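Residue numbers (the working numbering), protein chains in the order written: chain A, 1 to 152; chain B, 1001 to 1103; chain C, 2001 to 2265; chain D, 3001 to 3214.
Do not rely on the hints blindly, as some may be mistaken.
Below, in silico cross-link-like pairs of lysine-lysine (DSBU-like), each with a Cα-Cα straight-line distance of 35 Å or less [to be verified]: (1) Lys3100(D) with Lys2183(C); (2) Lys1076(B) with Lys135(A); (3) Lys1079(B) with Lys58(A); (4) Lys86(A) with Lys1054(B); (5) Lys1076(B) with Lys1095(B); (6) Lys1092(B) with Lys1037(B); (7) Lys144(A) with Lys3149(D); (8) Lys3132(D) with Lys2116(C); (9) Lys141(A) with Lys86(A); (10) Lys1079(B) with Lys47(A); (11) Lys3084(D) with Lys3048(D); (12) Lys2254(C) with Lys3038(D); (13) Lys2055(C) with Lys3132(D); (14) Lys2033(C) with Lys3132(D); (15) Lys47(A) with Lys86(A); (16) Lys144(A) with Lys1032(B); (17) Lys2055(C) with Lys1095(B); (18) Lys3133(D) with Lys94(A); (19) Lys1032(B) with Lys3133(D).
Computed from the model, here is a short list of chain C residues facing chain A with C-beta under 7 Å [to be verified]: (20) Ile2028; (21) Ser2212; (22) Glu2257.
Since the hints were made in silico from the structure, they are not lab data. All values derive from a computational prediction rather than experimental measurement. Quick reminder that beta carbons are idealized off the backbone N, C-alpha and C, glycines included.
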Amino acid sequence: MQTRREMLARSATVAGLLAAAGFLPSSALAAWPQAAFDAKTLADAVKALGGSAPVESKDVSITGPDIAENGAVVPVGCATTLPGVKRLLLLVEKNPNVLAAVFNVTDAIEPNLNTRTKMGQSSNVFAVAMMGDGKVLFASKEIKVTLGGCGG
Amino acid sequence: MADPMRIRAQAAGDKTTVRVLMSHEMETGQRKDSAGKVIPAWFIQEVTATHNGKTVLTADWGPSISKNPFLQFVVKGAKAGDKIAITWVDNKGDKRTDEATVS
Amino acid sequence: MKTRTLIGVAALALCAGAQAQKSTADGIAEYRKMLEDGNPAELFEAKGEALWSQKRGPKNASLERCDLGLGPGVVKGAFVTLPRWFADTQKVQDLESRLVSCMATLQGFDAAEIVKTPFGRGEMANVTALATWIAAESRGMRFNLPQSHAQERITYEVGKRAFFYRGGTHDFSCASCHGDEGKRIRLQELPNLTRNPGDGIGFAAWPAYRVSNGQMWSMQLRLNDCFRQQRFPYPGFGSDVTIALATYMGVNAKGAESIAPAIKR
Amino acid sequence: MNRIRLLLSAVAAMALLAACATSPSPAELDARAAAAIKSSFRDQGIAKTDRLNQDLGQAACSSDKVPDEATADRIMAEALYTVKWPAGGQFLGDWRAGEKLAQDGRGMTWTDSSADPNANGGNCYNCHQIDKKEISYGTIGPSLWNYGKNRGIDDLASPAFAPIAQYTWVKLWNSKAYAACSNMPRFGHMKLLDQNQIRHLMALLLDPASPVNR
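Construct the entire structure; sequences and hints are all you get.
Here it is, written out as structure tokens:
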């Protein structure tokens, strides 16, 4: 049984080897925020995107099921009732890399987006709203991931 | 070449709900095949949505978005007959654009 | 006094247990509902629809003259009558084995080659996509398999026997899991397939998109994986047992509404 | 005269029709099914076609009817005879290892590389409620929550322990000893789990320290 630290260390080694061999699929897009997607915590991800420390807010909402029958596909949504939002983020606290998606919102759409994310285990999921005035607000929700089927 | 997307864009009043399904593996780069070799990451990194040619949304995605991704958003002011186009680009540089007419 | 307290605690524990159970079931139902809108099976449906009319194969022909049982080219309603007897092949065939016959006769593909191809690859992936679209064309219709031909009735009886056949390292048969009402494996409800399990349940839900692995599963693959979990050896694609089981389940589902292609755990 | 001839030929025609419509006898259908099963499967990995060869119990429990009493008795008696008792009379292992095995549904399929018991799980939660903390459990078998406690085992020195331990060991080793057509796999007899693994499951169910008995 590997500990989490051993596993992380190992995957870091693997990643290092791959990078050295030129195999690491570094972004095909210059603008893709690599550092944010490498982040391990909510605060680090937001920081990597140039945001300040996130504050919990009831004006931001995260939607999703209480229980997911399968972690491979978990429907989640992020929204805010406040005007002036620039970015909406979706994050899964216990995934190896927390950030799942960054939505760059314009005035032409409602600040309400839905997608589906993978979850390795039961975890909090976060919706973050990065506002035009520099405020960073978030909401969280716990989603339980159960084991389904025969497990074989 | 990647398979086409399915885009449904339905107007109700002055709002149009857009639902998109994309055909993509969204491989995380953290799984191993049966021989124990790491399966390289392969995932959509950027999604762009346009309404009659004008960009209304861009998104950056990581590999934790589910396989065959789903995206739903609401465009203000779009009406029946308008065009909604979606483009995705993955980390290998593959891209695909599909268009739907608002109904 | 002490006894009363104990009973009180026990009753509380029972209530809590029952409540937790209910909310688990509700939670799972809510999760499934959320996934219905935007079933990735649509991606396979679209692919199958395009494949049907595309000129392909050594004969560079489309499948538009393929007879799925209701006459050449008739797609709507065909799915809810399969498996059935086909005079040209002198066989009872399910949707997928029938499609392979059409791909061989109309398009010139090598049927034996397709049958050997693993699920999800090459022409087998195309068979699955075609089956997904053809099933979707009968969405909302009710199963009504013909049983007028003697071979259709014999196939049903063979299917019934195969359904109850115990074997393998774990002594499982299909009936071990699907022969009773109201049972579950983990949180997954198990339909009783020895009778009509209801609209859109069991036979009336496949092909289905499998959330767990992001694959489109046809009935042949569904049966294949049942046998894998049963710890049986490997059933051939379109083999007699798979056709007989599909006939058994399809006839039992008479009157059930098809919701295929569905979305599953 | 003509009418009689007509009638006769009508009768003959009907007899002929009836003959055509005669469906195969149950024995013929059994033979057709056996042939279909034989021709439909092939070896894949560790799952070979010899897994289709039925023993008495499998054959007798392969229809929607239960076997007759004499056959059922024979199946149960033979099953009981196969049971191997744990070495040194040691019935219990570690309930933590038992919980892990109970959660694990793997083993013996054609995608598993080894048929060694150490590659197998017990599949228990697939069919049973065990520790209440696990909400994802099946209902094909009865709930095993408080299994030992409900049977009066408060400590291992309790006189209730020995008979319950023996009963449970038999159930895990060869479930057919108590029910000819039990849905439960024969974990010991079919070499799905070894003696130590069964000890761990025994501890999960019977050890007063196991969360199952809290």
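Problem - Which numbered hints fail - result: 8, 10, 13 and 22
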